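Use these hints to put chains X and W onto chain C, whose structure you have.
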Amino acid sequence: MRARAARAVPGAPPLDGRGRLRWLAVAAACLVGSSAGADEILVASAVSLREPLTEIATRYAARGADAGVLLTFGGSSALAAQVRAGAPVDVLVSADERIIDDLERQGLVDAESRIVVAYNRLVVMVAEDLEIPVDSPEDLARPEVRRIATPELAVPVGRYAREWLQRRGLLERLTPRLIPTEHARATLAAVDHGQADAAFVYATDARLARSARIAFEVPDAEQPRIVYAAARVQSSTRRSGADDFLAFLGGEASRDALRTAGFVSAGDPP
Amino acid sequence: MSLDEVASITSLTLRVGLVATAVILPPCLALGYVLARRSFPGKSAVQAVVALPMVLPPVAVGLGLLLLLGRRGPLGWLWSLSGVEVVFTWWAAAIAAAVVGFPLLTRACEQSFAEIDPRFEEVGRSLGLGRMRTFFRVTLPLARRGVFYGMLLAFTRALGEFGATTLVAGIIPGRTETLALGIYSRVQLGDDSGALVLCAASFAIAFAAMLVAEGWLRRSRTAVE
Amino acid sequence: MSSAGTLIEARLRRPGFALDVEATWDERVAVVFGPSGSGKTTLFRTVLGLLPAARARTRLAGVWLEDPERGLRIPTERRGLGWVPQDPTLFPHLSVEQNVRFGAARAGEDAERARRLAIEVLEIGDLLGRRVDGLSGGERQRVAMARALASGPRALLMDEPLAALDLPLRARVLPYLLRLRDELEIPILYITHDPDEAMLVGEVAVVLDAGRVVATGSPREVLWSRSVLPLSEALGLENVIDARAVEAGDTESTVETAVGLRLVVPAPLKRGESVRLGLRAQDVLLAGERPNRLSARNVFEAAVVDCEKRDGSVFVRLAPLSEGARATPDARLVAKITPAAAAELGLRPGASVYVIVKAQALRRLA
Numbered sequence: 000m001r002a003r004a005a006r007a008v009p010g011a012p013p014l015d016g017r018g019r020l021r022w023l024a025v026a027a028a029c030l031v032g033s034s035a036g037a038d039e040i041l042v043a044s045a046v047s048l049r050e051p052l053t054e055i056a057t058r059y060a061a062r063g064a065d066a067g068v069l070l071t072f073g074g075s076s077a078l079a080a081q082v083r084a085g086a087p088v089d090v091l092v093s094a095d096e097r098i099i100d101d102l103e104r105q106g107l108v109d110a111e112s113r114i115v116v117a118y119n120r121l122v123v124m125v126a127e128d129l130e131i132p133v134d135s136p137e138d139l140a141r142p143e144v145r146r147i148a149t150p151e152l153a154v155p156v157g158r159y160a161r162e163w164l165q166r167r168g169l170l171e172r173l174t175p176r177l178i179p180t181e182h183a184r185a186t187l188a189a190v191d192h193g194q195a196d197a198a199f200v201y202a203t204d205a206r207l208a209r210s211a212r213i214a215f216e217v218p219d220a221e222q223p224r225i226v227y228a229a230a231r232v233q234s235s236t237r238r239s240g241a242d243d244f245l246a247f248l249g250g251e252a253s254r255d256a257l258r259t260a261g262f263v264s265a266g267d268p269p
Numbered sequence: 000m001s002l003d004e005v006a007s008i009t010s011l012t013l014r015v016g017l018v019a020t021a022v023i024l025p026p027c028l029a030l031g032y033v034l035a036r037r038s039f040p041g042k043s044a045v046q047a048v049v050a051l052p053m054v055l056p057p058v059a060v061g062l063g064l065l066l067l068l069g070r071r072g073p074l075g076w077l078w079s080l081s082g083v084e085v086v087f088t089w090w091a092a093a094i095a096a097a098v099v100g101f102p103l104l105t106r107a108c109e110q111s112f113a114e115i116d117p118r119f120e121e122v123g124r125s126l127g128l129g130r131m132r133t134f135f136r137v138t139l140p141l142a143r144r145g146v147f148y149g150m151l152l153a154f155t156r157a158l159g160e161f162g163a164t165t166l167v168a169g170i171i172p173g174r175t176e177t178l179a180l181g182i183y184s185r186v187q188l189g190d191d192s193g194a195l196v197l198c199a200a201s202f203a204i205a206f207a208a209m210l211v212a213e214g215w216l217r218r219s220r221t222a223v224e
Numbered sequence: 000m001s002s003a004g005t006l007i008e009a010r011l012r013r014p015g016f017a018l019d020v021e022a023t024w025d026e027r028v029a030v031v032f033g034p035s036g037s038g039k040t041t042l043f044r045t046v047l048g049l050l051p052a053a054r055a056r057t058r059l060a061g062v063w064l065e066d067p068e069r070g071l072r073i074p075t076e077r078r079g080l081g082w083v084p085q086d087p088t089l090f091p092h093l094s095v096e097q098n099v100r101f102g103a104a105r106a107g108e109d110a111e112r113a114r115r116l117a118i119e120v121l122e123i124g125d126l127l128g129r130r131v132d133g134l135s136g137g138e139r140q141r142v143a144m145a146r147a148l149a150s151g152p153r154a155l156l157m158d159e160p161l162a163a164l165d166l167p168l169r170a171r172v173l174p175y176l177l178r179l180r181d182e183l184e185i186p187i188l189y190i191t192h193d194p195d196e197a198m199l200v201g202e203v204a205v206v207l208d209a210g211r212v213v214a215t216g217s218p219r220e221v222l223w224s225r226s227v228l229p230l231s232e233a234l235g236l237e238n239v240i241d242a243r244a245v246e247a248g249d250t251e252s253t254v255e256t257a258v259g260l261r262l263v264v265p266a267p268l269k270r271g272e273s274v275r276l277g278l279r280a281q282d283v284l285l286a287g288e289r290p291n292r293l294s295a296r297n298v299f300e301a302a303v304v305d306c307e308k309r310d311g312s313v314f315v316r317l318a319p320l321s322e323g324a325r326a327t328p329d330a331r332l333v334a335k336i337t338p339a340a341a342a343e344l345g346l347r348p349g350a351s352v353y354v355i356v357k358a359q360a361l362r363r364l365a
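Residue numbers (numbering that gives the first Met the number 0), protein chains in the order written: chain C, 0 to 269; chain X, 0 to 224; chain W, 0 to 365.
Please note: incorrect hints may appear among the correct ones.
[To be verified] Which residues of chain C face chain X? A few of them, derived with a C-beta cut under 10 Å, are: (1) V46; (2) R184; (3) A188; (4) L207.
I should point out that these hints are in silico values taken from the structure, not numbers from a laboratory. Since the model is a prediction, treat every value here as computed from it, not as a measurement. We put the CB at the ideal spot given by N, CA and C, even for glycine.
Chain C extracted, bound-state conformation (with noise of 0.2 Å):
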């Protein structure tokens, strides 16, 4: 290397005029990188339709739209904090319609755009080495159900769990076995390695359960909504694109792709 021919020139200093060459090399090199098109829409989306909008993108951009779609992937309340800043999104996907609900409220994204995209359904799942049957909401207070996951009440699945527990007079007799977990993933996650007995996930995530099994789905009747929305952010430069895209998610080829998914479609409401 350059180095060593440097270091045998008695009395050169360590980092020398060339070393400092090299540096500035490895930035110019680094400066060939990319960054956001001008003509493509990017749209930010929950995590966990990252698989089924990553397929909608592809039939959209297969179907010669105008403009391309760029996608980044976030935690709900995330995207939201990145609209509130003014980030450049042009159209959200949301895994919690009361996040879009609160940007409308702001005047941050357009209400007629909104859009449902899709419905998830909360199931209860047991761990495989749980000794007794759960099928019903009244097995869960066995005592044999000693410890259950759920994430916190900031967290999506962690309040619809709770509201549906309160629902069923179940809420306080429950409380000291809940141990709360990080978010939904995390839930499957303890369940599956056999951290807690039982646990409330989304039906999309049951689907991924390596060992543990869905007990029972939580009665349609008593389903919370849990609704998948997007909208046009208020602020986007490339609102027919945007709008065209939003079409598209809302049209049949985007339904196939996110029942295959696990999801319910917008089509199909519960």
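Just chains X and W now, with coordinates in the frame of chain C:
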């Protein structure tokens, strides 16, 4: 997950880490030197501000950067002027990594400069070298080990940076999805094996960085022999 | 204003210390003498321009370095001074050769010659390829001197270059130092707190105490002047004894001090002649019992006043108890011995010991 995907995520991560470290190096050296050598009113306030990104949760740092760089932020006018958008580009990831790495590198520089007897610099100057040349020929070579470890620290911190990056750079596959973000989203999606592959890549980078560091330090130790 | 080649004025105020120095001289080689804490090194640092807080006027061998009246303040790096700090402060990341070459840029066209001269005078040719951390103390000191010299300085500033070395090493480095002094034509400022070193090296001595100049002049005269003696006494390095000759002889005489202590001195004196004698603390021997059949001419009993441990030695203050001599606070002697010897003798205040002084160790000061 394809090998190409792993390679592109890895090279993006390397680029972000290297650029972040290289960009903060000069200001960290300068600030670290001033903090190590000078006393001035408000010095501890400066030190506290420097340490801020280390104390705050990364998400808060990300939010701050987002507010600063977003269209509605104080630097948002740059966007309306030039049309250049930093948010949601790999530059944003590099900036986030730079901000969280800044206190680490500054602190490392400050500490390693503070350990060097100012007498060496005084002798250097007495022998005819100006302050700048004395810094590059005396102070920096003497502090090189600490500075280098600081760079390594900032670099590895950049590799693992998640909280601030998700907010300012998003998770855009192929553009801003670094290893840490890739691991997160794969865990979220239940793609555990994909996450593990990316973990292995992270480990490989960190390990290689350590090897390079060790090799460099050993070479510099024997350089005058 | 004086037409002297060198003029140094330096004023600096710090908590607990004030430097207020004004000195001029024409001689090429000057020693700055004084006890530690007297401001010697601070004075050097102002001459080097390293203390921005100091108000200084400096002219070195006719060249102005700093003069606030004219707004002149040459930065350290352009003063062209060859500084040999007390601790050699060699650059540990560079080899010996790289250290010596460090200031070569300043020497310009003369760099090669200056370097050769430095290497030759200090005989460090064999050390050039070595690492700094493998050098002995004496080698380091020589390399530091060579580094300063190879930078083609207009003056050399040496800060106690021998102080960090033990005695045998001093003896080995001293000849290089003297050679350096004699083969160069540039001004030299030399800090020391050792009177012998000051006499040996300096053409002129500037004596500092508590940040002020107490005397300037030829070392031989100045170092034993009334104003300076208390310094070496205070350092415990020197006993100063005033006495009158009571017995005259061709080769040696006997003197008696004010308190009646009789001492044999190796000098022909006239009866009744007053003398001032110097006796270095390390030349005072102590014994637990009265020794017999000893070559030393002066043996007398004394009481230990106190013992003080300093710089790895024990300084014992003694009150002579010899025939008819009464202990008075003025008649004290200081002996410098090793801690082990002090322990063996069981010295404690009030203990009685025998003091042995070779006649040869008594030097006539005045």
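Verification of the supplied hints:
no. : hint : result
1   : V46  : holds (4 Å)
2   : R184 : holds (5 Å)
3   : A188 : holds (8 Å)
4   : L207 : holds (3 Å)
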